[in-house]
Amino acid sequence: MPHPLVPPVLDWYARSARDLPWRRPGCTPWGVLVSEVMLQQTPVVRVEPLWRAWMQRWPTPAHLADAATSDVLRAWDRLGYPRRALRLQECARAVVERHDGELPTDEAALLALPGVGTYTAAAVVAFAHGRRSVVVDTNVRRVLARTLGGEALPPPSLTRSEMARAAQVVPDDDATAARWSVAVMELGALVCTARSPRCAACPVDDLCAWRAAGMPADEHAHRRRRQAWAGTDRQVRGRVMATLRAADHPVPEALLVDAGPDEAQRTRAVTGLVADGLVVREDVVGTVDGERVTTAVYRLPG
DNA sequence: AAAGCGGGGTC
DNA sequence: GACCCAGCTTT
Numbered sequence: 118m119p120h121p122l123v124p125p126v127l128d129w130y131a132r133s134a135r136d137l138p139w140r141r142p143g144c145t146p147w148g149v150l151v152s153e154v155m156l157q158q159t160p161v162v163r164v165e166p167l168w169r170a171w172m173q174r175w176p177t178p179a180h181l182a183d184a185a186t187s188d189v190l191r192a193w194d195r196l197g198y199p200r201r202a203l204r205l206q207e208c209a210r211a212v213v214e215r216h217d218g219e220l221p222t223d224e225a226a227l228l229a230l231p232g233v234g235t236y237t238a239a240a241v242v243a244f245a246h247g248r249r250s251v252v253v254d255t256n257v258r259r260v261l262a263r264t265l266g267g268e269a270l271p272p273p274s275l276t277r278s279e280m281a282r283a284a285q286v287v288p289d290d291d292a293t294a295a296r297w298s299v300a301v302m303e304l305g306a307l308v309c310t311a312r313s314p315r316c317a318a319c320p321v322d323d324l325c326a327w328r329a330a331g332m333p334a335d336e337h338a339h340r341r342r343r344q345a346w347a348g349t350d351r352q353v354r355g356r357v358m359a360t361l362r363a364a365d366h367p368v369p370e371a372l373l374v375d376a377g378p379d380e381a382q383r384t385r386a387v388t389g390l391v392a393d394g395l396v397v398r399e400d401v402v403g404t405v406d407g408e409r410v411t412t413a414v415y416r417l418p419g
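Residue numbers (the working numbering): 118 to 419.
These are calculated hints, taken from the structure and not from any lab test. Being a predicted model, the structure only gives us computed values, none of them experimental. We put the CB at the ideal spot given by N, CA and C, even for glycine. One or more of the hints may lead you astray.
Pairwise CB distance ranges (calculated) [stated by the list, open to error]:
1) Pro418 with Pro176: 47 to 55 angstroms
2) Gly143 with Gln352: 19 to 27 angstroms
3) Ser274 with Pro369: 36 to 44 angstroms
4) Ala371 with Ala281: 17 to 25 angstroms
5) Arg277 with Arg191: 56 to 64 angstroms
6) Arg340 with Thr159: 22 to 30 angstroms
7) Leu275 with Arg140: 23 to 31 angstroms
8) Pro166 with Leu275: 44 to 52 angstroms
9) Pro119 with Ala363: 47 to 55 angstroms
10) Thr310 with Pro418: 34 to 42 angstroms
11) Thr222 with Ala371: 34 to 42 angstroms
12) Tyr198 with Pro367: 33 to 41 angstroms
13) Leu275 with Leu372: 35 to 43 angstroms
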């Protein structure tokens with residue numbers, strides 16, 4: 118017997134699923150992995166066009182492994198969290214070296230790849246290989262917190278009990294399990310949304326514990342605090358990266374002033390980027406008024 | 001368990 | 001202006 122949520126959600130998905138390129142039959146397992154990495158904290162609408170161009174340019178792990186890292190970072194453009202692009206190229210190289218260029222099907226082997234965590238490994242098992250796994254992303258957490266937990270939103274960080282609850286709902290056979298995983302995620306993305314859920318369009322509104330309880334407010338609200346954006350180190354890092362992506366020559370330190378007015382903050386940002394491998398610093402020896410001086414220039418790696 | 005890490009759209 | 005988005009890695 119499947120869990121009561123499963124049949125109506127599968128039926129809803131058959132009617133309502135978006136036509137996304139990484140869900141098409143011809144998409145390779147590597148294409149699925151690339152989509153999953155790009156979708157880590159980045160919405161579908163921003164990923165889709167970039168994914169198409171990316172897969173056109175680097176269709177296989179071998180292609181990406183051989184690319185210049187500077188090209189990879191430029192192609193990543195403003196998708197955000199550029200370290201993901203670095204990890205993705207490292208992942209491609211690991212697939213070439215460890216797995217003869219073919220993405221493994223084993224979840225533990227996937228988890229061992231750079232940039233692949235619990236969610237992404239499970240997602241590739243289900244969406245690329247059609248096998249049973251426990252896929253728990255922010256959408257699944259929210260749907261299960263509401264329908265089964267009776268709460269507005271899940272706790273701030275993923276708990277063991279959430280994983281256990283999710284595992285209980287996943288159907289036993291591979292094909293149905295894979296279908297369930299994509300379907301419940303889609304339900305969270307399109308209907309059971311964080312801000313204003315469309316319960317009128319929900320296939321399991323009659324089974325929803327949160328709805329039955331009168332849709333009480335979020336109990337964890339006081340513990341959710343996000344880092345602000347304006348004026349942060351992250352913003353300055355982003356601007357430095359934007360400057361270097363746009364430059365076709367190494368950029369002198371003085372030109373990075375555009376990234377922000379606070380010198381200490383700029384230094385922090387650039388130092389961090391160099392430590393992360395996203396930026397390379399070079400010392401250039403020149404002559405000013407007959408004196409030898411050393412100045413720093415910055416560029417993208419590779 | 002918590003903090004750091006982009007960037008853009010939406011309410 | 002706050003919140004949210006198919007999370008991962010490091011401490």
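Status of the hints after comparison with the structure:
no. : hint                                   : result
1   : Pro418 with Pro176: 47 to 55 angstroms : 23 angstroms, violated
2   : Gly143 with Gln352: 19 to 27 angstroms : 39 angstroms, violated
3   : Ser274 with Pro369: 36 to 44 angstroms : 42 angstroms, holds
4   : Ala371 with Ala281: 17 to 25 angstroms : 55 angstroms, violated
5   : Arg277 with Arg191: 56 to 64 angstroms : 40 angstroms, violated
6   : Arg340 with Thr159: 22 to 30 angstroms : 24 angstroms, holds
7   : Leu275 with Arg140: 23 to 31 angstroms : 24 angstroms, holds
8   : Pro166 with Leu275: 44 to 52 angstroms : 30 angstroms, violated
9   : Pro119 with Ala363: 47 to 55 angstroms : 52 angstroms, holds
10  : Thr310 with Pro418: 34 to 42 angstroms : 38 angstroms, holds
11  : Thr222 with Ala371: 34 to 42 angstroms : 51 angstroms, violated
12  : Tyr198 with Pro367: 33 to 41 angstroms : 24 angstroms, violated
13  : Leu275 with Leu372: 35 to 43 angstroms : 42 angstroms, holds
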